[in-house]
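Asks: Just need the whole structure built from these sequences, with the hints factored in.
Residue numbers (our numbering): 3 to 457.
Just so you know, these hints were derived from the structure itself, not from any lab.
It cannot be assumed that every hint is accurate.
[To be verified] Okay, the calculated beta carbon distance ranges per label pair: (1) D277 <-> N88: 22 to 32 angstroms; (2) D304 <-> A163: 42 to 52 angstroms; (3) R356 <-> H239: 27 to 37 angstroms; (4) G117 <-> V442: 23 to 33 angstroms; (5) G168 <-> Q359: 21 to 31 angstroms; (6) H239 <-> G168: 46 to 56 angstroms; (7) E144 <-> T188: 43 to 53 angstroms; (8) A203 <-> D389: 37 to 47 angstroms; (9) P391 <-> N160: 20 to 30 angstroms; (10) G117 <-> F395: 17 to 27 angstroms; (11) Q354 <-> N85: 41 to 51 angstroms; (12) Q276 <-> C100: 33 to 43 angstroms.
Positions of the beta carbon are idealized from the N, C-alpha and C atoms, including for glycine.
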Amino acid sequence: MQKCLRQPRDKLHSQRVPGRSRRRAIRPARSTPDAAGSRHTRTRRSRRNRVQSVENGCDSVLTILTCLGFDTQIRTFLIIQINGLNDHVQLTVTGANCGLPTVGAVRVVLEPKPGLPTDPNNPRAFNDVFTDISPLFVINNESGWYEGWMIHDITVPNVAAPRNGGHAQFGTITQRDAAILSRMGTGNNVPGNIFTVDGRAAHFPSATDHFPDVQTNVVPLHVSMGAYNSMQQSDAHSYWEFNYQGTNWVHPLYELPFTGDFPDNFGKAPDAFQDGEIGKLQSIVPGPGPGGEENKPQDVGDNPGLPRDPDKFDADNGFDAQREFRERGVPSGLANEIYLDVYERLASFEPQVRNLQQRLFDAYAAEVKLVSGNDDGIITAAQGDIDTPTDGFTDNTRLFLPPTVFDRFAGTREINDGLLAPRFAPSQRAWILTGARVAVSPAVSASAGRDADDR
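Replies: So this is what it looks like as structure tokens:
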């Protein structure tokens, strides 16, 4: 057996490579070191990583050239060795194969299925997502996994007249909402801009962050790209489909106050761990969360006689009763709408409620009810289908964000905590990799022919 010495991890920069319709480059997440200090020495290494895949019978090659030799200050406890904390315990995420640097890519490719749109901005289009990362250690214990996340930072929408009753129309804010937002901070929160909680210019997660007091001021919405593990030689390869059939959905947002990085109120540091609230509430039995009445496990729990299966999304005509009715999450566009209520509709949604968590709980229950038509807090597969008319609309197209609005990507190291939300969301504390979307223009064909899977 080859004996490998512990080596420091290095900062990676993936260079743009043409030949894909759309992809994301990944580099390790960065932040400032803990007070105890991190163990790093400067090294210089280089490596060329070549990933080959076969998509519908067409060979396509992606080549990534990494430029190394930079000293990183990755604060995430999973990545670096911190004196006195984890400097004499085995490595668990990066550092495999004698300390090779970790590099990867995520490619988002439009799937040209017969009868479906070929415009990625159309929520009815089907998109294939390929993740390739090397090296990552295999996760062995407690059924842990790695998980990828497509991240959309909510924006300030256009102003429109309110609905009857004063609530903003879907995807908009009222004039009174806009006036309040414009007075925040330095005036960043105007229609078209990325929304920030302090009204200042957007500050994305960066090396200058310090948990929990110095954090990003944007509001991220996470769509899971599925769970995966590494293979024996520390390569991780994952395939996932981005579409309206249950995958372009978001975890129940009411889980966030119990992940460890969602504050009790606006402008406050998160304290869920200090308050003993980690995992205090879960969505194993789907429902409206604290903003509504809890459902009975006998009604919507995981029934041994009819196991819950969120992949039972579609069905033949006339057999909607066989589709899954115990979905835990909500469509991405509806999650975005909930966030608009919480953060941006300060006049048109519960103006008397100033507590951040209460606004989240109330908005979740209210917006889900507009789609489901009842108080159970669940969007069933039939109700969430893109062709189903809800809330006065002819279909549900509005409920799904297209992949083109997800501009960031992160990979996390997850444990089986019962939550669908990212671990420690919305912070970077469980991040192992991160990167930004790079569009290939003009688009390049990434597949040919047709397989037998028409799902």
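Asks: Among the hints numbered above, which are violated by the structure, and what are their numbers in rising order?
Replies: 3
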